[in-house]
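All chains, please: the whole structure from these sequences, using the hints.
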Amino acid sequence: MPSLRYPALCFIGAVLISLPAPAAQPTAINPPPSSGGVAGGATHQLPPSATPTTPTTPIVPGSSINPVPTPSVTPPPAQSTGTSQALPEGTPLPEGSEPEKSVVQIFNAYQEPNWAAPWMPDMIHLASGTGFLIDGNRIMTNAHVVAWSKQLVVRRYHDPKPYFAHVEFVGQDVDLAVLKVDNATFYDGMKSLSFGPLPKVRSTVVTYGFPAGGKQISYTRGVVSRIEVEGYVHIGNRAFLAVQTDAAINPGNSGGPVIQDDKVVGVAFEGIAGLQNTGYFIPTVIIHHFLDDIANGTYSGVPDTGLQLANLQNPAFRRMLKLPDDSKRGVRVDQILDIPATKAVIQPNDVIMQVGDYPVDEDGTITYDDNTVGVTTAFDLAQNNDTIPLKIWRNGQMIDVKLPVKVYHDDAAQGNQYDTLPRYYIYGGLVFTTLSLDYLKTFGQNWSDAAGHDLIYELFYRHLEDPAHWRPEPVVLASILDHPVNANFGVRGQVMVDKINGITINRLTDVPKAFAATTGNMAVIEFLPDHHFEVIRKDEAEKANPDILSTYEVPAQSRL
Amino acid sequence: MKPFLSLRSTRPVLPTLLLALLTALAPTNAATKKDSPEGSGEFSWNNSIIEIEVTGKLYNYLQPWARSEHNVYKSGVVVEGHQIITTADGLADQTLIRLKKQGAGLFSLGTVAWIDYQANLAAITTDEKDFWTGLQPAKLADPTPISGDVRIQRWEDDTLDNHQGEIERLYVDNSALSFVSVPALKIDSTIPAAGYSEAVTVGDKLAGLTTEGEGGTVVATPSSFISSILKARAAKTYSGLGYFDFTWDQVENPLCLDYLKLPGPARGVIVKDTGLKPGLASVVKPRDVILQIDGFDIDTDGNYNDPDYKKLSLENLSSRGKWAGSDCKFKIWRDGKEMDITYKLPKAEFSDDLVPNQSFDQNPEYVLAGGFVFVPLTNAYLRSWGPDWRQLAPFRLFYYNNDKVTAEHPQRVVLSQVLPDEVNIGYEALRNTVVDEINGIKIRQISDVITALKSPVNGYDVFKFMAGQPVQQAVLEASILDDANQAIMARYHIPADHVLNSAIAQGDTAAPTVPVVQK
Chain A
1 MPSLRYPALC FIGAVLISLP APAAQPTAIN PPPSSGGVAG GATHQLPPSA TPTTPTTPIV
61 PGSSINPVPT PSVTPPPAQS TGTSQALPEG TPLPEGSEPE KSVVQIFNAY QEPNWAAPWM
121 PDMIHLASGT GFLIDGNRIM TNAHVVAWSK QLVVRRYHDP KPYFAHVEFV GQDVDLAVLK
181 VDNATFYDGM KSLSFGPLPK VRSTVVTYGF PAGGKQISYT RGVVSRIEVE GYVHIGNRAF
241 LAVQTDAAIN PGNSGGPVIQ DDKVVGVAFE GIAGLQNTGY FIPTVIIHHF LDDIANGTYS
301 GVPDTGLQLA NLQNPAFRRM LKLPDDSKRG VRVDQILDIP ATKAVIQPND VIMQVGDYPV
361 DEDGTITYDD NTVGVTTAFD LAQNNDTIPL KIWRNGQMID VKLPVKVYHD DAAQGNQYDT
421 LPRYYIYGGL VFTTLSLDYL KTFGQNWSDA AGHDLIYELF YRHLEDPAHW RPEPVVLASI
481 LDHPVNANFG VRGQVMVDKI NGITINRLTD VPKAFAATTG NMAVIEFLPD HHFEVIRKDE
541 AEKANPDILS TYEVPAQSRL
Chain B
1001 MKPFLSLRST RPVLPTLLLA LLTALAPTNA ATKKDSPEGS GEFSWNNSII EIEVTGKLYN
1061 YLQPWARSEH NVYKSGVVVE GHQIITTADG LADQTLIRLK KQGAGLFSLG TVAWIDYQAN
1121 LAAITTDEKD FWTGLQPAKL ADPTPISGDV RIQRWEDDTL DNHQGEIERL YVDNSALSFV
1181 SVPALKIDST IPAAGYSEAV TVGDKLAGLT TEGEGGTVVA TPSSFISSIL KARAAKTYSG
1241 LGYFDFTWDQ VENPLCLDYL KLPGPARGVI VKDTGLKPGL ASVVKPRDVI LQIDGFDIDT
1301 DGNYNDPDYK KLSLENLSSR GKWAGSDCKF KIWRDGKEMD ITYKLPKAEF SDDLVPNQSF
1361 DQNPEYVLAG GFVFVPLTNA YLRSWGPDWR QLAPFRLFYY NNDKVTAEHP QRVVLSQVLP
1421 DEVNIGYEAL RNTVVDEING IKIRQISDVI TALKSPVNGY DVFKFMAGQP VQQAVLEASI
1481 LDDANQAIMA RYHIPADHVL NSAIAQGDTA APTVPVVQK
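These protein sequence lines are chains A and B, in that order. Per the numbering used here, the first sequence starts with residue 1, numbered consecutively. Per the numbering used here, the second sequence starts with residue 1001, numbered consecutively.
Honestly, I wouldn't trust all of these hints.
On the chain B side, residues computed to face chain A include the following (Cβ under 8 Å) [claimed, not checked]:
(1) 1146
(2) 1247
(3) 1255
(4) 1396
(5) 1466
(6) 1468
(7) 1472
(8) 1476
(9) 1486
(10) 1490
I should point out that these hints are in silico values taken from the structure, not numbers from a laboratory. These numbers were taken from a predicted model, which means no experiment stands behind them. Here a beta-carbon is modelled for each residue, glycine too, at the ideal position from N, C-alpha and C.
Given below as structure tokens:
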């Protein structure tokens, strides 16, 4: 069973709170549900899109059946330096500096939605993490530290005063966020930290943070163990470059700086439950991508090409593709997701020889900053709407192509979703919502078993294997709010909807339209996969709607 | 839990001392004598219950060329015609059967007279004529009692072990080895490790043969079901079990019947999926309401009132004295009208399932090509992931478990693993990947792999896997494949580069058949 990755956020507990009064006692290392450890106890071999571990070879490290995290054209940005109000911009920390004075503790009172009862917010929780001051009076932290926030409070080093903060930008895919503190005095005397390069393997780093919710800052020293493309569990279905270290990274460290030579070389963000001395931090190449992205005032995300790449180490395959015998370059395009811009310029069995400035080896790696990493690292340097120059071997010839890339949103339901409340529609007590990973997780820790294989196939496999019958937004009958109008229903929820009144339900907005199309007084709802059907009387359902909403404290019949 | 005897090597043996104590406390012989007809003094279960020792081949479907053996100890009961009736469970892939009577003496060699895996019944016989001397055929209770006390008996260390049981009910359930519905007798009893065809007796009548036993509950195949098959076999009218190849819903929501315009009180069940038997057009249609079968009214729970056994599931009417090919008279409600239709029972066959639930009496099939190991996807392969295979087996393979055979796909073929070799460098991690085509030829069944490998494309064998698999294509050099196979077979101690079911190997385009030993 694969190890469970967890974001290094300290979960303080399910308490009703009045901030600022942050609890500080050490707590269990379990991540809050919002942080999404997708594998959360699942015993099924999950589809690749839902598994936060690196795909197995011979897939190129970091590539997945989902759109591969895309390439980058440009070399990593030069180091940037941080500033604060107190120091001129660009002033590096002086010799003998104290980075801890730039590190803050963040308290998040958050409230997730309930994906099974989408109108109802879940319990209020309090969690703490770490952040640090960067250029522009911004506090950098992890997205999962501030997810579903209702109130954010930060505390400075050796300063008891709490300061209210708000999220300025958040990148859920790369698990990064920047905050602003409303009170300008917060920044008095604080120095921003500047960013360093990708650290070398075996070099020493120090993490700064507030593990286990302690009030005092904690330092842990370790070495860089390896640098690889890894699953980012906050989003759940994306993988980017990450740095593994044996410096302790525990819940509460999330969002804290990882320092080398007084520079930030990463942001601590996740670990693997059950493995000691295995923590991960987000390297500066990803951080710079995020900061460059928000420079125009919005965050777009890391674009995807939709390419599934496979290594090309087998000599027979290389000969069949007419690659020169002495060549050790090239990774093969194995599959392409249905992204027209990519399909227009890339073909299956194209051999990608170079991405931007990075030659690609036959095992699907590139040399990036003296490290051997997955080729997706090169793609991931691109911003939304960039064009990536590629050298491709096709039909025995080398050609140059330019690959336009965009952020891919079509697989959002297969990952953990944030920022947008779940959508629903209620008719006669029947609660309809969209099929998503977040919804399946409401089935409990062993959700992949409890959900049944039909829902899992529909969410993760149908679009790949059976696109003719794929629905852009499968709809489920999530539950039934009991009422005499629906008391005799044979199904009670957790089942996929096929048709209503003969109309195929491709998305949630089809549901009210289909009920409105009821002829006569009987609305017929058909379910998959076994064509069970149920009937509800239109007049009784419509009469019951207000009663049901009132009885169950549902504020509105729908959120479409 | 239904025990698959083939998965158990031996029945737990009680320590000698404990057994001696139990023997002393439980008046086994007295109980046996009590079972004898009063005053007759003739019949004794000692002379009817036989200890059966089966040695069988045990396969490792992940390495289909590997073999080991296992032993199963079970019971049988002598019936008329020099037959020992027993369950089929545990007899598959047998290499040796030994019989011991009356708990003493030497073993005799046995052979399978007939075996019916769908019904989970078999008859053992022996050519040793002396074996039958002193044995007494048992009579079968028909109808089977549905309440009262029973004894559950088997030989244990040459003593007829005799346990108390009480019949809880007779109901309808899936056969122990098959998807077909058959009657089952549920018995409360504390007998340990039952389910190995122990004899369930009432007086001097056999009431059933156990098929499973766990946690104080024993399940048995009732004697009336066994009796009906024995009679049909004797009359040569038995054609195997049939089944209803449609699914149906109980009617909980009466509005569903209103919607279908059925007048009068709520009754019947609503048909969902039909035509589950591949290649057979069903006379039953989705949303038919089944009102009657063979004159029995069907209620909204899907039950009928059986003259012998009271309320039973309608599924029992597919085997209540009827066999594959028999006609059942249905009264249905369709399109606002009552109709009478004749439903011919299709034959239950394991090969109807895309992923056959059982593969009896045949070696596991595979084809080796350049270290690529191709196997047909079977339930036995999925069960290789252990007791929790439903959770642990690769999801995509497990998902096929629901599908039926189609003309396009009589089987699914899986690249199960790659045996590392220079020829397949770069592919070592490929495994459990469903094959779509090889050299442009669609792979419908395992034998197609051999056919396709005879037609390389420009000197290369090109393997394409189903969309959604981790990798969709691999290539090997065709000219060196034979030499590579020989080297790989030598290195990994593999005796043959392929094993195929003969019917398929001959290029038969029909669905693969599971050979059943019918002697």
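Cut-off 8 Å, beta-carbon criterion: hint that residue 1472 of chain B touches chain A
holds (5 Å)
Hint check: is the beta carbon of residue 1466 of chain B less than 8 Å from a beta carbon of chain A?
holds (7 Å)
Hinted contact residue 1490 of chain B with chain A - closest CB pair below 8 Å:
With Cβ-Cβ at 21 Å, over 8 Å, it is violated.
Under 8 Å, Cβ to Cβ, is where residue 1486 of chain B needs to be relative to chain A, so tell me if that hint holds or is violated.
violated (18 Å)
Closest C-beta approach of residue 1255 of chain B to chain A relative to 8 Å, hint status:
Since chain A brings a Cβ to about 4 Å from residue 1255 of chain B, closer than 8 Å, the hint holds.
Should the hint that residue 1247 of chain B touches chain A count as held when the rule is a Cβ pair under 8 Å?
holds (6 Å)
Supplied contact hint for residue 1396 of chain B, tested at 8 Å Cβ to chain A:
holds (7 Å)
Would the stated hint for residue 1476 of chain B survive a check requiring a Cβ distance to chain A of less than 8 Å?
holds (5 Å)
Holds or violated: the hint that residue 1146 of chain B contacts chain A, with Cβ atoms closer than 8 Å.
violated (29 Å)
Against chain A, is residue 1468 of chain B within 8 Å by beta-carbon distance?
Where the cut-off is 8 Å and the nearest Cβ of chain A is about 4 Å from residue 1468 of chain B, the hint holds.
Comparing the model with each earlier hint shows violations of hints 1, 9, 10; every other hint is respected.
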